[in-house]
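Asker: Listed below are the residues making up each chain.
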Amino acid sequence: MDDKKGTSSQKVTVYIDDIAYQVNKENNLLAGVLSQKLNLPYFCWHPSMGSVGACRQCAVTQYQDENDTRGRLVMACMTPVSDGMRITLQDKSSAKFREQVIGAMMTNHPHDCPVCAEGGECHLQDMTVMTGHNSRDYQGTKRTFNNQYLGELVGHEMNRCITCYRCTRFYNDYAGGKDFGVYGSKNQVYFGRQKDGTLESEFSGNLVEVCPTGVFTNKLFSAHYTRKWDLQSAPSVCAHCSVGCNTSIGERYGSVRRVMNRYSYDLNGYFLCDRGRYGIGFVNGEQRIKKAKGISQASPEKLTRLDVSKSLAHFRGKRFMGIGSARASLEANFYLKQIVGEENFSAGYSGQQMAVAKAHQQLLNNYFTKDRMLSLREVEQCDFILLIGEDLTKTSPRFALALRQACRNSGIEKAASMGVASWQDSAVRTISGKRNSPFFAMHPTATKLDELTEQHLLLVPDDIEKVMLAITNLLGSDLNEKNSEKHEKQLENYNTEQQLFINKVISELVKAKKPLIVTGDSLLSAKILSATNKLMACLENNPDQKKVNLVVLASASNSIGLLSLIDEKSLSSEQVLAKLSNNEMDGFICLEQELATFTDNELTLLRENAETIIVLDHSESRVSAIADIVLPAAAVSECNGHFVNYQGRIQRFSQVHAPILPILDSWKWLSYVEKSLEFSTTSQSILRKNKAEIIETLDQLHHHFSKHFTSWPVTGNVLLVQNSVARMTQRASGRTSQAANFSVHETKVVQDKDQHYRFSMEGNKPNTVKDMPFTWAPGWNSNQSINHHQVEIQGQLSNYHEDVYLAFQFSNFNHKVEQTSDDTLAGDSPVDKKFTYFPQGSLFQGEWQSALTAEFDLLKYSLEKNPTLYLSTEFSESQGWSQGQWLKVTADNINCIAQLKCDARLPKYLVYGDIYDFINNKSGITVKFSEATEFEVIQQQESRINGYQLAKENQKNILERLKKSDQHIPIRFVAGGLDDA
Amino acid sequence: MLSQLRTMWLVLKHTFTKADTVQYPEEKPYLAPRYRGRIVLTRDPDGEERCVGCNLCAVACPVDCISLQQTIDDDGRKRADFFRINFSRCILCGFCEEACPTYAIQLTPDVELAEYDRQNLVYEKEHLLISGVGKYHDYNFYHHSGIKVGDKGKGQAEQERPPIDIKGLMP
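Protein chains in written order, with our numbering: chain A, -17 to 963; chain B, 184 to 354.
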């Protein structure tokens, strides 16, 4: 297997219609045929999920040898490839068979295409045309079903089902969902839930893409619908976690409509999580900043460069600090750091977070200067997992999905030993049963991955560190002396459960062929990261140990990019505040940063001490509310830039559409700020020295950085696309009429100065570049056309080029960590009898931007699920509380009402829950609880109902506004700076 | 020589035939109902808008002069939020009518589409929508489609069986 390209080295010759093809021996015949870019219809097979042979659609005729003229019908997806095999796709009998299968499926298919959201990218439509079935023979009646309510994100239209079983195979088998299933028999098979309700899986949105027809539809897209052929799309990168899944964002009439999966061989493959798919809603939200604040405009119509420089000129000579952010692009962060100077740059991290960042940098320094962290595809091949302090399903959901696949490896191996190939999905699952690869986890809260673990511990971060130290010590001592007495002595401070865990981890870790340790920064515990460092060091020193892979996940889309800019001079948020109150600084520039680490009091203090606050952001935050100057920045769909994922992979997100002025890319705003203000920094002197260099595009900025700044962390060319690819499909409609209500004369299309992609249907085909704006192939309108653009099924993209990675070389620094009160609490010994609360992660509210999506608010206030608090069974029994009891939770004078659930696995003083609004979702806070009165419960429920209604209204208003704006398409000629009309 | 005479004969013969041209605009020629002239949006026999905003006319249009946005009403019916035809671009090819799955968009025999100002040739939905059924008198798309619309529930369309009780035990 050529791992880089994903092509098999084990090729055999297969004759398809008497032409010899080299086909991958390890995969089935259908994958082989499709790899040759030949057209063979299929439904139930999926490249990631293998074959079950349910739909009988991929029938081909196989011949015994060259003299055989009759042949026999075989299902390509269930047939292994063998050398010298002869098949035909063109003979009458198999073609007729395929047509009849479609014909049978269509007997019950409703006459819905005009009103179906799948129309135009429907796999069933494509396959029907492919088989030539063009008129209905069946004259009888059709069976019908009632639909279910599946939540705010996925629509259900069961009449359209052709029973391919892909949905349940994805939802239940692949993604581990529990609340979905298949009911009924023969012609009455029903795919849905036991009763109406929101789908619980974090991956439910994939049903839309997995379903070959329109049974499952994207509800948000349907509400403001357009056909796929009308979407203007651009390749983008998900802005909601550090995995960096590739997405394709679609726009029409000036508003973003949806996000679809964009195949990536190394990362997301064919699937996205719901946060990535639906979280884009924030770009259309009511809280978007569309006008500059604090800048006096000469003309009421538009803001000009002159206005900006005039207004900013007042602040000339003032001393500014810069606060970067993990959701801003690498360029903008770097630019800001250069402008204000490295000693005035802050990442907006608190002292505690800086310590975590430092530990993270150390890990990267120690283990990833030569090697790279595993990609999701490589993670799926691991056979031992130790997950430390990260609720992956909530923080990096796509990574959790990859871990689920890794857990299957032991079953796949067992099947392979019995001669069953891995693509034989049903057989492999039967053989493997409940067998999982060894998987161990430690986290303060229960997580969805717990069900896959061999053993998991619920522990506070300090105890997690203790357990890790024990593992490290034992592994280290094992090397020298196998002294069981010493062994026992090491473990005597641990309870039996922990001892069992430690012993099991060690024994499995030593056996594993490709072990993986996963950790992250979501618990904000530097101790866990340094304990990981020690563990890794110990494992590296052990000559008998197979190479242990480490993955460290970060919280935001560009956390690692920001991490690469943090050094010993960088300021923590406390230091920013101190500098302002000591009058060492006059103000600060806040780059797409909501300053989540500040409490409300600290924020007031910040405002009082800062003379000037300049904020660049796309959405209103508590910082923009108190700022003197707010500059409207472009959101991820409106600008170009790069994010660095957890591996250090630098990925470009491209502008989908030009935003309405004065919304501009952050770095363009920074260039105005840089020109108007005076900084005594090297950057400004460099920029002034090279005045002749025009910097108008991101590419020019890049060249400038790499030419003049040695600290620019990117080495290598990340700007390979030079092809001017069309963002629209060839069949995009309405060009001469969409703006005709204003002027019948057609406007010139927007010119993108970056010239990688064009805002029109003219330009090179999408498949001439690796980063395709959308995927399409002749006869294949759905996303499954990706088969035609891969070197081999599930392999690399045809126009693949190596991604560029950040080089991890951090100078070691010692950052002063101010011990916050939170820190000491987390390490409390049980003697103090304080309860430490940890929030269960939230898929939708867990990331600042996605939490602004209106539909996610509906889910947050939904009455389907009450806020829950989990207490140890022992304690709740001692209080005489039973499950379902309403409790009042108090911390820092904030009260919340939650329903009690008992968790027998919990240590007595550890508490967790999913109370979203509770103290900014902070980890490790001390809480008290008492029984809630009936009045309080009713009050809480009422406030939730109100919240729900508000969210519903908000959703309605947004839709109304978007529909209005459909007829007021902004006209811009150049997607450049402020004055380009 | 012979051919020249024959040509002369044919030309002169037409002196005595009835003229095909008429004195337009005083006199108007007969145009068949299926003649391809001004485009209208029709209603179904129940008086509801036929257009479901499926975008097929727009995509079929060779000059891209149709644009629209679909919206869903509270009763589940889909219709065009706006529907615009730029007649200054329209070539009256009739592809939109052929593409329309609901018989909503139809071409009429009205060919008088001249304006002094080109902007006046941009027709919005209010200009296009007529109150009649046009050339197709009895077609109602929602009677054939499987989706639930207003009073028409699941299994109540033509050629549909009542919805299956998935909790029933009968095979």
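Don't take each hint at face value.
[As the list claims (entries may be wrong)] Cut-off 30 Å, straight-line C-alpha distance, at most; resulting in silico cross-link-like pairs (DSSO-like, lysine-lysine):
| no. | chain 1 | residue 1 | chain 2 | residue 2 |
| --- | --- | --- | --- | --- |
| 1 | A | Lys177 | B | Lys318 |
| 2 | A | Lys201 | B | Lys201 |
| 3 | B | Lys337 | A | Lys938 |
| 4 | A | Lys945 | B | Lys335 |
| 5 | A | Lys124 | B | Lys201 |
[As the list claims (entries may be wrong)] Computed, partial: chain A to chain B, Cβ under 10 Å:
| no. | residue |
| --- | --- |
| 6 | Gly174 |
| 7 | Asn477 |
| 8 | Gln481 |
| 9 | Arg954 |
| 10 | Val956 |
Treat the hints as calculated values from the structure; they're not laboratory data. From the three backbone atoms N, C-alpha and C, an ideal C-beta is built for every residue, glycine too.
Asker: Please go over all the hints and tell whether each is borne out by the structure.
Answerer: The hints, checked one at a time:
1. A:Lys177 to B:Lys318: Violated - the C-alpha atoms of Lys318 of chain B and Lys177 of chain A are around 45 Å apart, more than 30 Å.
2. A:Lys201 to B:Lys201: Measuring from Cα to Cα gives roughly 64 Å; hence the hint is violated.
3. B:Lys337 to A:Lys938: Measuring from Cα to Cα gives roughly 26 Å; hence the hint holds.
4. A:Lys945 to B:Lys335: Answer holds: Lys945 of chain A to Lys335 of chain B is near 27 Å, not above 30 Å.
5. A:Lys124 to B:Lys201: violated (58 Å)
6. Gly174: holds (8 Å)
7. Asn477: violated (47 Å)
8. Gln481: violated (49 Å)
9. Arg954: violated (19 Å)
10. Val956: With Cβ-Cβ at 23 Å, over 10 Å, it is violated.
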